[in-house]
Each structure stands twice: as structure tokens, then as C-alpha cells.
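**Student:** According to mature numbering (1 follows the signal peptide of the UniProt record, and there is no 0), the stretch in the sequence shown is residues -20 to -1, 1 to 157, in order.
Keep in mind that the hints are not guaranteed to be accurate.
Here are the in silico distance ranges between beta carbons for each label pair [unchecked claim]:
| no. | residue 1 | residue 2 | range |
| --- | --- | --- | --- |
| 1 | Ala10 | Glu90 | 35 to 45 Å |
| 2 | Asp120 | Arg83 | 15 to 25 Å |
| 3 | Gln75 | Thr141 | 13 to 23 Å |
| 4 | Glu116 | Ala76 | 52 to 62 Å |
| 5 | Gln96 | Ile56 | 42 to 52 Å |
| 6 | Glu14 | Glu62 | 20 to 30 Å |
Since the hints were derived computationally from the structure, they do not count as laboratory data.
As the structure is a prediction and not an experimental result, all values here were calculated from the model.
Heads up, the beta-carbon is just placed ideally off N, CA and C, and yes, glycines get one too.
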Amino acid sequence: MPKIPLVGLVLLALAPAAAAQQRVGHVDSAVILEQMPEFQSAQQEVDRLGERYQAEVDASAREADEAAAEFTAREILYTDEERERALAALADRRQAVDALRRRYFGPEGELFREQQQLLRPAQERLLAAVEAVASEGGYDYVFDRDGDYLFLFAAPANDLTDRVLDELGVGVGSPGR
């Protein structure tokens, strides 16, 4: 049996690992976006909209508070029927304030939609730049360090989806694919 030097064994053992090495990089998108003038101006517009919407909600809430204070001050003068109507009107005002708040600041509210529309071009430009740098540099994956460590780029050659579908015996052309 031929003797293989220890270094040769180590090299043979490492050869598959070396061939399987992948290049991974990361960026901090928050730092990059802070330096992009178009993102900054869009963010300022979103901030202005948020302030305007908040001022409108605050004014509506103040009006509801003033109506409640007026009711409390005169409550003793109302008949039972007038009191019921006044309380219903106060409840309607509070609901209107809540509806306005949801309309502007809810998960699908106007501020969210405006933010998506205004910020998207800068975000898409950033993503295109990441993809260009990753492709030029031979990176297989690029993560975003800002927040939840999202993939910003993954080399298509590393996509195992079709192979996993085959392994599961599920057709590659299945719905949703």
C-alpha cells in the first residue's frame, strides 16, 4: 500500500470543500440609502406627509375632546333623550378619529402606500447596484445587514428549488412556480 504524505491526505480531503466554497458578501442598505440624494428627498416627502396626516388626526381628536368636555359641562341640563343623542354623537366622533388614523397610518394606509411609491425607485436602484457588484465580483450571495439579514442577491446557479421539487416527486411546472 503506497504511503501518502499527511499533507496529501489533507489536500485530498479539502479538495471537494474548496470546490464548493462560495463567495458571500454583505451590505448595510441603511448606510447606502442615507447617502443617496433621491432617497433622502423621497424620505423627506414621506416625513412631510406623515406630519400633515398626524396634524389632521390631532385636530380631529381635539375637536372630539372639546365636544366631550362641552357635553360633560352641560350633561346635567340634558333630558335623557338628548343625553343619549349627545353620547351617540360623541361615540361617532371618536370612531371617525379612529377611522381617520387607520386611513392614514394603518397597515394599508395612505402613508404606507405613499412611502412605497416614493421610496421604491431608490430601493430598486440600490438593488440593481448590488446585483451588478455581486455579479462582477463573483459573489454567490449578498446579505443586507440592516434589519433582518435579507438576501439582496443569490446567484441563480445556487437555486436548488427544482432539485428539491424533484426529490419530493413534485413536478417542476407545479402551480405557484
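**Student:** Against this structure, judge whether each hint is valid.
**Tutor:** The hints, checked one at a time:
| no. | hint | result |
| --- | --- | --- |
| 1 | Ala10 to Glu90: 35 to 45 Å | 24 Å, violated |
| 2 | Asp120 to Arg83: 15 to 25 Å | 44 Å, violated |
| 3 | Gln75 to Thr141: 13 to 23 Å | 47 Å, violated |
| 4 | Glu116 to Ala76: 52 to 62 Å | 55 Å, holds |
| 5 | Gln96 to Ile56: 42 to 52 Å | 51 Å, holds |
| 6 | Glu14 to Glu62: 20 to 30 Å | 57 Å, violated |
Hints 1, 2, 3 and 6 from the earlier list are contradicted by this structure; the remaining hints agree with it.
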